[in-house]
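Participant: Could you put the whole structure together from the sequences, leaning on the hints where they help?
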Amino acid sequence: MLSIKNLNVAINGQQILKDFNLEIKTGEVHAIMGPNGTGKSTLASTLAGKEAYEVLSGEVIFKGKDLLEMSPDERAREGVFLAFQYPVEIPGVTVTNFMKAAINAKRRHFGLDPMDAKDFLKLMRQKMELVEIKKEMMSRSLNEGFSGGEKKRNEIFQMAMLEPSLCILDETDSGLDIDALRIVANGINKLRSPERSFLVITHYQRLLNYIVPDVVHVMFGGKIVKSGGKELALELEEKGYDWIKDEVAAEA
Amino acid sequence: MTENDKIIEEVTQSDYKYGFVTNIEQEFALKGLTEDTVRFISAKKGEPEWMLEWRIKGYKAWLKMEQPHWQNVSFPNIDFQSIIYYAATKKKKKVNSLDDIDPEILATYKKLGIPIQEQKVLAGVAVDYVMDSESVITTFRESLKEKGIIFCSISEAVKDYPDLVRQYLGSVVPQRDNYYAALNSAVFSDGSFVYIPKGVRCPMELSTYFRINAENTGQFERTLIIADEGSYVSYLEGCTAPMRDENQLHAAVVELVTHDNAEIKYSTVQNWYPGDKNGKGGIYNFVTKRGLCKGVNSKISWTQVETGSAITWKYPSCILKGDNSIGEFYSVAVTNNYQQADTGTKMIHIGKNTRSRIVSKGISAGKSQNSYRGLVQIHRTADNAYNSSQCDSLLIGDRCGAHTFPYLEIKNNSGKVEHEATTSKIGEDLLFYCNQRGLSNEEAVSMIINGYCKEVFQHLPMEFAVEATKLLAISLEGSVG
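Residue numbers (our numbering), protein chains in the order written: chain L, 1 to 252; chain C, 1 to 481.
Some clues are possibly wrong.
[Claimed, not checked] Computed footprint of chain L on chain C, listed as stretches where at least three residues anywhere in the stretch have a Cβ under 8 Å from a Cβ of chain L:
(1) 423-434
(2) 443-457
[As the list claims (entries may be wrong)] Listed next, the in silico DSSO-like pairs over lysine-lysine satisfying Cα-Cα at most 27 Å (straight line):
(3) L:K65 - L:K50
(4) C:K352 - C:K367
(5) L:K135 - C:K454
(6) C:K367 - L:K50
(7) C:K425 - L:K100
(8) L:K190 - L:K25
(9) L:K5 - L:K190
(10) C:K425 - L:K151
(11) L:K100 - C:K159
No lab work stands behind these hints: they were computed from the structure. Computed from a predicted model, the values in this text were never measured in an experiment. We treat Cβ as the ideally placed atom computed from N, Cα and C, and that holds for glycine.
Facilitator: Take a look at the structure:
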């Protein structure tokens with residue numbers, strides 16, 4: 001699904017990702033953990049194609065195609081979805097209208113006609129159930145006046161609607177109370193499928209109690225320094241990140 | 001140039017689609033303005049003596065005035081002696097039906113996407129077509145007449161309904177009101193006249209389509225709408241002009257009067273030629289629009305979508321004289337490239353319990369300057385008056401400007417005034433979010449802008465709202481990319 005090789009990325013002239021490597025197979029769930037400022041969100045933004053992130057070298061192959069060659073909207077239509085840490089507000093644009101535009105942009109990309117209104121409403125109903133959001137939210141302006149929990153749920157709702165191949169979750173758990181966390185995690189779990197891969201970026205282990213990953217990576221200083229099974233997350237929770245830093249320092 | 005700037009440049013740079021010229025045989029007044037020009041125009045129109053006197057009064061007032069320059073726009077002094085004040089088709093006979101209209105003119109309106117043929121016109125809209133200085137034809141007149149509604153060109157009204165015209169013309173915007181109103185009073189050529197009798201709800205939208213065609217010509221139309229007791233009318237105005245290198249002046253006057261319990265809803269989609277990408281050419285749109293809520297419980301509502309003109313300078317206003325009367329102003333003003341706009345409204349509260357609402361949405365792109373200027377005046381007599389103003393500015397890119405000049409004059413302590421202003425920017429984060437959901441920059445900008453303008457668009461009649469949405473997309477096409 002996704003293959004990242006020797007990726008070097010800088011922002012404002014400062015290099016953040018350093019010879020970063022990662023392989024995610026179709027259907028796998030990978031978690032990336034690590035202390036603040038190690039480049040986790042840079043990785044997410046780079047994959048989604050945010051302008052300010054400058055790729056110095058390296059390659060990213062997504063479903064056999066060169067991802068770095070594509071514009072951000074093309075990447076999205078090809079199936080890369082980023083659940084934002086801080087979703088933006090768009091006044092006057094309802095969730096329904098936003099989703100309709102997004103779905104039809106994707107359909108057009110694959111040579112399909114816009115979705116029939118009836119089918120669209122049916123799809124909306126199905127997906128709303130998934131993240132337990134109310135119908136009223138659909139006619140509100142996107143993210144305007146939404147609580148932190150509502151914003152995150154709305155991100156997962158959009159993810160469900162767009163049915164991407166690669167879901168990148170950037171600190172989706174931050175700012176969520178335990179109930180909202182459970183709802184969001186349940187939504188994500190229902191979207192797990194053999195055709196879909198996940199990259200879950202998180203600072204804390206608690207999300208991984210709900211979304212059980214196949215692989216856990218620890219990121220430090222712009223690269224992955226340790227990988228393991230789900231137990232690694234627990235170990236990090238118990239011991240913190242300092243021992244990793246010590247290990248890295250010892251190797252150097 | 002940053003990537004964001006590049007994007008912005010691409011979206012805001014599309015071509016003006018209405019810039020063609022129609023080749024018709026026209027006759028003109030001599031260049032320049034003297035008392036003889038005024039007499040020439042009046043004679044051409046076969047006007048009665050009182051009308052000529054009225055014009056001369058306007059001309060004399062104008063001579064004593066000076067070009068105002070207090071507005072937040074800049075342009076060279078206009079040479080009023082190099083303008084042609086009258087341009088009309090050389091017609092041989094009176095137009096009684098479509099067959100009498102020059103096929104070139106019919107083709108023009110077809111090209112503009114507004115068919116003149118009644119059967120093809122959007123159901124429920126009667127239209128007065130004005131090209132340069134004259135009304136071409138007014139549709140649906142006969143069926144409106146059955147209800148006592150008068151809808152015709154102002155030239156015809158002067159002849160056919162002199163009592164009404166004499167009573168109301170200049171009653172809201174007198175000749176000496178301001179420099180351009182005085183000029184208009186002297187040389188106004190055509191425009192629409194509407195009278196809705198007592199208790200009648202006008203069954204269709206009335207509309208005027210203004211087109212400037214001739215070169216070096218100014219357009220000075222005059223519109224007068226009277227809603228008698230308990231009546232209602234919704235009126236729409238649209239406009240375009242050819243692309244020309246020199247600036248052309250459009251100085252219109254619109255007067256509205258509502259009697260007891262009457263309502264006028266006036267909507268404008270202004271799309272005059274804005275000049276080219278380097279700021280060359282374009283229309284100077286200096287218009288005086290004012291409504292008088294004369295009767296109790298009457299209401300006047302202005303909705304405007306301003307996308308064209310090199311310079312837009314106007315303040316559709318309401319004088320709330322009748323007790324409990326209501327004034328509303330909903331505006332979207334878009335400026336791009338080198339366009340300048342200084343627009344807003346005046347709400348003059350005189351009667352008791354009068355209420356007004358102002359919603360202004362400015363959008364600036366390119367190197368344009370967009371100003372909102374609004375006056376809320378509450379007179380001593382206006383007990384319990386209420387105003388709410390909301391002025392929002394949206395910036396696309398970082399080379400444009402947005403300015404807000406709110407003025408409040410309150411002379412009655414029972415009044416309540418609320419003012420709210422915001423400025424926002426279509427920044428990288430917003431675009432990136434939309435991109436990440438698969439939307440191109442153009443789709444994203446168009447969606448964001450329509451969302452931003454929603455509060456104003458919902459006050460436009462349906463067909464116009466659709467039109468305005470499209471127009472906005474075209475005006476800003478290329479501003480982000």
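Participant: The structure should be examined with respect to each hint, and the outcome stated for every one.
Facilitator: Do the hints match the structure? See the list:
Residues of the region 423-434 of chain C lying with their CB closer than 8 Å to a CB of chain L number 6, which satisfies the three-residue condition for coverage. For the region 443-457 of chain C, the stated coverage by chain L is satisfied: 9 residues place a CB nearer than 8 Å to a CB of that chain, which reaches the threshold of 3. Taking the CA atoms of K65 of chain L and K50 of chain L, the gap is about 18 Å. The hint holds against a cut of 27 Å. With a C-alpha separation of about 44 Å, the suggested pairing of K352 of chain C with K367 of chain C is violated against the 27 Å cut-off.
A distance of roughly 21 Å separates the Cα atoms of K135 of chain L and K454 of chain C; the hinted pair therefore holds under the 27 Å criterion. At most 27 Å may separate the alpha-carbon atoms for a hinted pair to count; K367 of chain C and K50 of chain L meet this at roughly 26 Å. For the suggested pair K425 of chain C and K100 of chain L, the alpha carbons sit about 24 Å apart, so the restraint of at most 27 Å is met. The straight-line distance between the Cα atoms of K190 of chain L and K25 of chain L is roughly 19 Å, inside the 27 Å bound, and the hint therefore holds.
With a C-alpha separation of about 30 Å, the suggested pair K5 of chain L and K190 of chain L falls outside the 27 Å cut-off, and the hint is violated. As the CA atoms of K425 of chain C and K151 of chain L are separated by approximately 21 Å, the hinted pair is consistent with the 27 Å bound. For a cut-off of 27 Å, the pair hint linking K100 of chain L to K159 of chain C is broken: about 55 Å separates their Cα positions.
Violated hints for the displayed structure, listed by number in ascending order: 4, 9 and 11.
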